[in-house]
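Use these hints to put chains X and B onto chain V, whose structure you have.
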Amino acid sequence: MKEILTVGFFIGLLSATLRMATPLILATLGETFCERAGILNLGIEGTMLFGALAAFLTTYFTGNLWLGIIAAIIAGILFGLLMGLFSVSLGLSQHVSGLGITLLATGLSLFTYRQIIGSPKVPPTIQTFKTLSIPGFSSIPILGPILFDQYILTYIAIILVPIASYVLFKTRFGLSLRAVGENPEAADAVGINVFKTRYIALMIAGGLMGFAGSFFTLAHFNMFLYGMVGGRGWVSIALVIFANWNPTKVLWGALLFGGVDALQLRLQAIGFNIPYQLFLIMPYLLTIIVLILVARNASYPGALLKPYRRE
Amino acid sequence: MRFPKFRLEKRPSPPTWLRILIPFIAIGISFLFSAIIILLAGRNPISAFYAIFYGALGTRLGFMETLVKATPLILTGIAVSLAFTAKFWNIGAEGQLYAGALAATWLGISHFSLPSPIYIFLMIVVGFIAGSLWALIPGILKARFKVDDVVTTLLMNYIMIYLVSAILEGPWRDPVTSWPQSIMIAKNAEYPKLFARSRVHFGLIVSIIAIIVVYVIIKHTKLGFKIRATGANAKAAYFLGISTIKTIILTAVISGGIAGLAGVGEIAGLHFHLTENISPGYGYSGIVIAMLGGLHPIGVMLAAFFFGIIITGAEYMSRATGVTSFIADVIQGITLLVMLAMLLLYEYRIRRVE
Amino acid sequence: MEKVLSMQGITKRFPGVLANDHINFEAYKGEIVSLLGENGAGKTTLMKILYGMYSKDEGEIYIKGKKVGINSPKDAIDNGIGMVHQHFTLVNPFSVTENVILGLPGEKATIDLEEAKNKIKEYMDRYGLHVDPDAKIWQISVGEKQRVEILKVLFRNAEIIILDEPTAVLTPQEVDELFKTLRILKEEGKTIIFISHKLYEVLEISDRIVVLRSGRVVGETTPDKSSRRDLAKMMVGKEVIEIISEEPPKLGEEIFKVENLSAMSDRGYLALKNISFTVSSGEILGVAGVAGNGQKELEDVISGVRKPVDGRVVLLGKEITGKSPKEIIEMGVGRIPEDRMEAGLILDIPLYENLVVEYFDKPPFSKGLFLSYKEIKSYAEKLVKEFDIRTPHVNVITRTLSGGNLQKVILARVISREPKFLIASQPTRGLDVGAAEYIHERLLEERAKGCAILLISEDLDEIINLSDRIMVLYEGEIMGFVNRGELPKEEIGLMMTGTRKEALSEIS
Chain V
30 MKEILTVGFF
40 IGLLSATLRM
50 ATPLILATLG
60 ETFCERAGIL
70 NLGIEGTMLF
80 GALAAFLTTY
90 FTGNLWLGII
100 AAIIAGILFG
110 LLMGLFSVSL
120 GLSQHVSGLG
130 ITLLATGLSL
140 FTYRQIIGSP
150 KVPPTIQTFK
160 TLSIPGFSSI
170 PILGPILFDQ
180 YILTYIAIIL
190 VPIASYVLFK
200 TRFGLSLRAV
210 GENPEAADAV
220 GINVFKTRYI
230 ALMIAGGLMG
240 FAGSFFTLAH
250 FNMFLYGMVG
260 GRGWVSIALV
270 IFANWNPTKV
280 LWGALLFGGV
290 DALQLRLQAI
300 GFNIPYQLFL
310 IMPYLLTIIV
320 LILVARNASY
330 PGALLKPYRR
340 E
Chain X
33 MRFPKFRLEK
43 RPSPPTWLRI
53 LIPFIAIGIS
63 FLFSAIIILL
73 AGRNPISAFY
83 AIFYGALGTR
93 LGFMETLVKA
103 TPLILTGIAV
113 SLAFTAKFWN
123 IGAEGQLYAG
133 ALAATWLGIS
143 HFSLPSPIYI
153 FLMIVVGFIA
163 GSLWALIPGI
173 LKARFKVDDV
183 VTTLLMNYIM
193 IYLVSAILEG
203 PWRDPVTSWP
213 QSIMIAKNAE
223 YPKLFARSRV
233 HFGLIVSIIA
243 IIVVYVIIKH
253 TKLGFKIRAT
263 GANAKAAYFL
273 GISTIKTIIL
283 TAVISGGIAG
293 LAGVGEIAGL
303 HFHLTENISP
313 GYGYSGIVIA
323 MLGGLHPIGV
333 MLAAFFFGII
343 ITGAEYMSRA
353 TGVTSFIADV
363 IQGITLLVML
373 AMLLLYEYRI
383 RRVE
Chain B
9 MEKVLSMQGI
19 TKRFPGVLAN
29 DHINFEAYKG
39 EIVSLLGENG
49 AGKTTLMKIL
59 YGMYSKDEGE
69 IYIKGKKVGI
79 NSPKDAIDNG
89 IGMVHQHFTL
99 VNPFSVTENV
109 ILGLPGEKAT
119 IDLEEAKNKI
129 KEYMDRYGLH
139 VDPDAKIWQI
149 SVGEKQRVEI
159 LKVLFRNAEI
169 IILDEPTAVL
179 TPQEVDELFK
189 TLRILKEEGK
199 TIIFISHKLY
209 EVLEISDRIV
219 VLRSGRVVGE
229 TTPDKSSRRD
239 LAKMMVGKEV
249 IEIISEEPPK
259 LGEEIFKVEN
269 LSAMSDRGYL
279 ALKNISFTVS
289 SGEILGVAGV
299 AGNGQKELED
309 VISGVRKPVD
319 GRVVLLGKEI
329 TGKSPKEIIE
339 MGVGRIPEDR
349 MEAGLILDIP
359 LYENLVVEYF
369 DKPPFSKGLF
379 LSYKEIKSYA
389 EKLVKEFDIR
399 TPHVNVITRT
409 LSGGNLQKVI
419 LARVISREPK
429 FLIASQPTRG
439 LDVGAAEYIH
449 ERLLEERAKG
459 CAILLISEDL
469 DEIINLSDRI
479 MVLYEGEIMG
489 FVNRGELPKE
499 EIGLMMTGTR
509 KEALSEIS
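Keeping their order, the protein sequence lines are chains V, X and B.
Numbered by our numbering, the letters in the first sequence go through residues 30 to 340 in order.
Numbered by our numbering, the letters in the second sequence go through residues 33 to 386 in order.
Numbered by our numbering, the letters in the third sequence go through residues 9 to 516 in order.
Next up, chain V with everything else stripped away, as it sits in the complex (with noise of 0.2 angstroms):
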């Protein structure tokens, strides 16, 4: 119990907490855009796993980190289509078509992985990303190990959300976007091509969900593991209601659920007596909250989930 309450836990917490709030940051963003042009996405979580698997084959073989980051997004942007293909192009169940994705694209991932690589004693492993420190900043006394000494991966989260942000919200682009999701009636009345945004918003949030996966392999693990996203999928989910589609409110819940995820893991290691899975449940909890109070408003992107057909 002493332990907690030393500074060292605290600087390791919160860099921890940068560090697991990483995918969550890029996969909720992905996921906030393809809600914002109103497709509920529930591929996300297949998506993230063939990202980290795409990610991490590709590095292996090649020897390049780069290239699997670069593996990793054009997957995600495959799955994105073909989710468009479903739920946009066909008007489909998106729920049904999420969820079909999610298994395909996780029985992918496993079937890929072990017909490539086998099931060897020492499963390979590859060299991933250092964390890079920036002279100068790194050396602030608490606030330099937090902020200044992290994954390039994280660095690029985090500056997403600016982007992000700016373009939902000063963009044309990110109008029609927006108009698109609340009433693509309204957008299709001033020549908007409603179809064509919505896949633009699929590819978008497929390529962050496969960059969010490749952050598994190439920088928190060294290696490929079949429960390695773990159900972050679905809290990205819960986590875009949570954030209420903004994409600077998604970088702080993520920190808080990463937070908590990064709590919980130095818990378990010392030994705390409160059963760690108890953190755990704690996001999908607040999720189902979060829902209910929501229900009430119509904070959701008013067209979300319903297929647009013209007459």
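Below, simulated SDA-like cross-link-like pairs (lysine to any residue); rule was C-alpha separation at most 25 angstroms, straight line:
#1 X:Lys119 <-> B:Ser332
#2 V:Lys225 <-> B:Asp86
#3 V:Lys199 <-> B:Glu123
#4 B:Lys11 <-> B:Tyr135
In short, the hints are calculated from the structure, not lab data.
Frame of chain V, contents of chains X and B only:
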């Protein structure tokens, strides 16, 4: 980028024979895609598929294992099927299964001295109740507050799985081995075996009874009519005097209970103690089975059996041909998507727009 | 004057109805031309074709003498056509400015809200369309929302501006402001096409009036050349000669009463304003009026799917205000709803189930928890025979039946219970003559048996033929009660467009 313009035109009266044919077409297409994937992996798809079917049906042992796998699948399949009929999207069968398993384990490891038939009966009751309670909350949230049922039932899965994990690592941790698993349940709480030298257990009977019960409910009871009406058009059903709120909640409860029975079966019939892995996703498979089976009891039974074949056969195939057993997961995912797309083609014609 | 628009031979068919029948329509620069007609006359269809939201089956469109193909709103906008719809196409959480600039192309990827706001303010001052540019759409009034829609249209350099029933949701002051704006636009040389069924407004604002009825142009005139009477006559057609029943009603006791009823519409305004009426046994009370004047809300309240904000609904002395549909059914109200597909029937279940759906949970159709299929099916077969429902057997999925037969299913289900009170809304809409006649006959039979019937219909002929008394609804208020044969059709038409019965003699 020029997207091709096309329009969906509703078919006036879709033929019934087409409806029955569709699941088979879907399976065929998903086999096709899977075959392509196997080819890409450098293996022979034909020998792979042959191995699947031989492994699942060609030997007595294989066939028995297929039945064992089909047992929980029938239950989750019919549970989800019932829910989907009312348009209650129960994605939480996995969590409800674990809830049932949890309750049954609690009863079983309490080692009450009860005669076997009573003990087994109580296991079933307790498991059913646990599953229904776990589905009750999302059911009420959807029926009364219009909260999205897909997301809530999904999230409840994770809550239950973590709860089970916490309990297995805590109060129920096996004192002897220290592994996160419960002690064995009472002998009297175990399901009897149905066939000698096999793992097939009484749960299969429970599954078949559940199918019959659901069939009777849907076709012959007032509740069944309300469920079908609510699912077909909730707005009209309400106008015509049906209490859609009560119907949805009841549907959720029964659906959750049946999924809970799947959990009971895995504990009382197969594993005899609770671990974190008693279900490799049976609850999710139930969704695919429900869709494939057209939400019809007979279809669900066939689809569940089919998936039992795939899962069992894939194990054999991976040993025999070097194609990993995960092809079963791939087949499952493709089948769901293809089945979904096929249903669209059943209802609509695709027309090009000039 | 320069002709800016010519629509020639426009024809559009929907399943079961010819919405536009070879219509020729022209519009000129700097004029306000009104399209006048009842619901279903084809005005909105014609304009939606012009705006690219519907595809035409036949005909051509010329803009400024050049033939154009318009396949989407974008094409229409590119051709200088703008449309302000009855149901606004605005994004609720966005601000006024964001809605106006939505979808507009520009050189930069970013949007400059300040610049847009300034330009909007210019337009606002020029045309008298005042709204707070920063206000969110959900915050502003209906009249202000309409101004935003007009601004949108002007921002896209529309030369031809279509307004679909723009005054339906405005207060009288807002109507005046709208008209001021329209006159300014006219001075600038814009062409305004004004769709309406409100006679006095059309006479006040138009330069030219084109009257449509049943998909055809039936007259073209100007305000100084025609009176409200003339226009009403054109709108509703000649006097209908044939009257089905000449029998005086065998009026009995009062069965059904509505007292001081007020109800809100879905769009947030008061759709029924303190109305009161009764229906007696053996009487058909017809509710006449152009759709959108409160009929839907009246039907909803009586059916139990909408709670009124004030007033009472009483059946045989018992309160049914605000009760659920199930309770209302059990109290003996027979409902033949306007919406057959989303209320009257559940299309994807077998026919025999639809024939008993309102009362299946009681014997003889069910016993305990179980349904008694034998009873249900034999009852269904009885109804099919009695009501001449054309179907191979009772097991077919209901969706496969034709429109007329679907309506007979609803009729059979409701009438076979011998209700004391029946509300029938648009009972013969979309049906062929034979089916319509059958429905009329059955309704008259019920009337003879002593049933009290409330008949809501947009078909004035139907109302005149069947009703013992007619109640005219306009903007949620009762314009008056007319006994059978008391007034000619065009007088009723005038009442439908805003004249109270007492004021009829003052109209020229």
